[in-house]
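A.B. asks: Sequence:
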Amino acid sequence: MNAWIGPAIVAAVISSLVTIIGWWLNHRHEQNREAARRQERIRDVQTALRAEIRSHRHRLRLFDEATRFDEVEHGPDNRRAEFTPFVPREVNSFVFEAIVKDIPILPTEVIDPVIVYYRQVQALAQFAEDLRGDRFATLEWSRKAAMHADYIAMGKYAGALADAAMDAIDATLARGVFSSSAEGRSVPKSGSAAAPGSGGDLKP
1 MNAWIGPAIV AAVISSLVTI IGWWLNHRHE QNREAARRQE RIRDVQTALR AEIRSHRHRL
61 RLFDEATRFD EVEHGPDNRR AEFTPFVPRE VNSFVFEAIV KDIPILPTEV IDPVIVYYRQ
121 VQALAQFAED LRGDRFATLE WSRKAAMHAD YIAMGKYAGA LADAAMDAID ATLARGVFSS
181 SAEGRSVPKS GSAAAPGSGG DLKP
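For the record, in the sequence shown the residue sitting at position 99 is 99 according to UniProt numbering, with numbers rising by one throughout.
What the hints contain is simulated information worked out from the structure, not anything from laboratory work.
Since the model is a prediction, treat every value here as computed from it, not as a measurement.
Where a beta carbon is used, it is the ideal one built from N, C-alpha and C, also for glycine.
Hints may be right or wrong, so weigh each one.
[What the hints assert, rightly or not] Computed list of lysine to aspartate or glutamate pairs in EDC-like fashion (alpha-carbon distance at most 20 Å, straight line):
1. K156 to D130
2. K101 to D112
3. K156 to D64
4. K156 to E65
5. K156 to D167
6. K101 to D64
7. K156 to D112
8. K101 to E52
9. K156 to D134
10. K101 to E34
11. K156 to E52
12. K156 to E90
13. K101 to D44
[Unchecked claim] Label pairs and their calculated CB-CB ranges:
14. A137 to E65: 16 to 26 Å
15. G22 to V91: 45 to 55 Å
16. K101 to W24: 28 to 38 Å
17. L173 to R135: 38 to 48 Å
18. S55 to R33: 13 to 23 Å
19. E65 to A174: 27 to 37 Å
20. A128 to R54: 16 to 26 Å
21. R59 to H29: 45 to 55 Å
22. A137 to L173: 37 to 47 Å
23. N32 to I103: 21 to 31 Å
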């Protein structure tokens, strides 16, 4: 009896160890696969955001070349009160809106400049709608000129933030570092546009 119990116990122990090792290896393999899928998702999200920001940057370059309309003569009689500058409607950030739920998985050094950039773009779009309204058209010349100058300043600042966001994304993609514990990254400062506040629109 004792001779039979000994080998049976040893066999049971060995079988249990094999089962445990197999479970551990399978768990480790699943963890590696999940980590690989997460890394791929983080890379894809950053690539998509960079593409949209880059497309925005082409549009924002127009602000670098913009002229304050209060410095331009309009018509032979210079009838300033009757002139209202045309302000195009800003395009929607459809990529950001589609993947906004994935923002928390990005590296910390990418989240900050990307959020600050899109916050400025949102403020710029809202301000553009104000400049397109009927109320703006009825304002006196000096007020129109001041608001239009603020609009140009906001667009220029958005361009600087776009560059900072793309630089941050490029840095993590180049290093292949997608950890969310990366050190934070600063954003450019501007004397003509304020940093994001607590809930209000960004204004120059």
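A.B. asks: Evaluate each hint against the coordinates.
C.D. replies: Okay, the hints, checked on the actual structure:
no., hint, in the structure
1, K156 to D130, "holds (18 Å)"
2, K101 to D112, "holds (15 Å)"
3, K156 to D64, "holds (6 Å)"
4, K156 to E65, "holds (9 Å)"
5, K156 to D167, "holds (17 Å)"
6, K101 to D64, "violated (32 Å)"
7, K156 to D112, "holds (19 Å)"
8, K101 to E52, "holds (16 Å)"
9, K156 to D134, "violated (25 Å)"
10, K101 to E34, "holds (18 Å)"
11, K156 to E52, "holds (17 Å)"
12, K156 to E90, "holds (14 Å)"
13, K101 to D44, "holds (14 Å)"
14, A137 to E65: 16 to 26 Å, "holds (24 Å)"
15, G22 to V91: 45 to 55 Å, "holds (54 Å)"
16, K101 to W24: 28 to 38 Å, "holds (33 Å)"
17, L173 to R135: 38 to 48 Å, "holds (44 Å)"
18, S55 to R33: 13 to 23 Å, "violated (33 Å)"
19, E65 to A174: 27 to 37 Å, "holds (30 Å)"
20, A128 to R54: 16 to 26 Å, "holds (20 Å)"
21, R59 to H29: 45 to 55 Å, "holds (46 Å)"
22, A137 to L173: 37 to 47 Å, "holds (45 Å)"
23, N32 to I103: 21 to 31 Å, "holds (25 Å)"
Consistency note: the structure conflicts with the earlier hints numbered 6, 9, 18.
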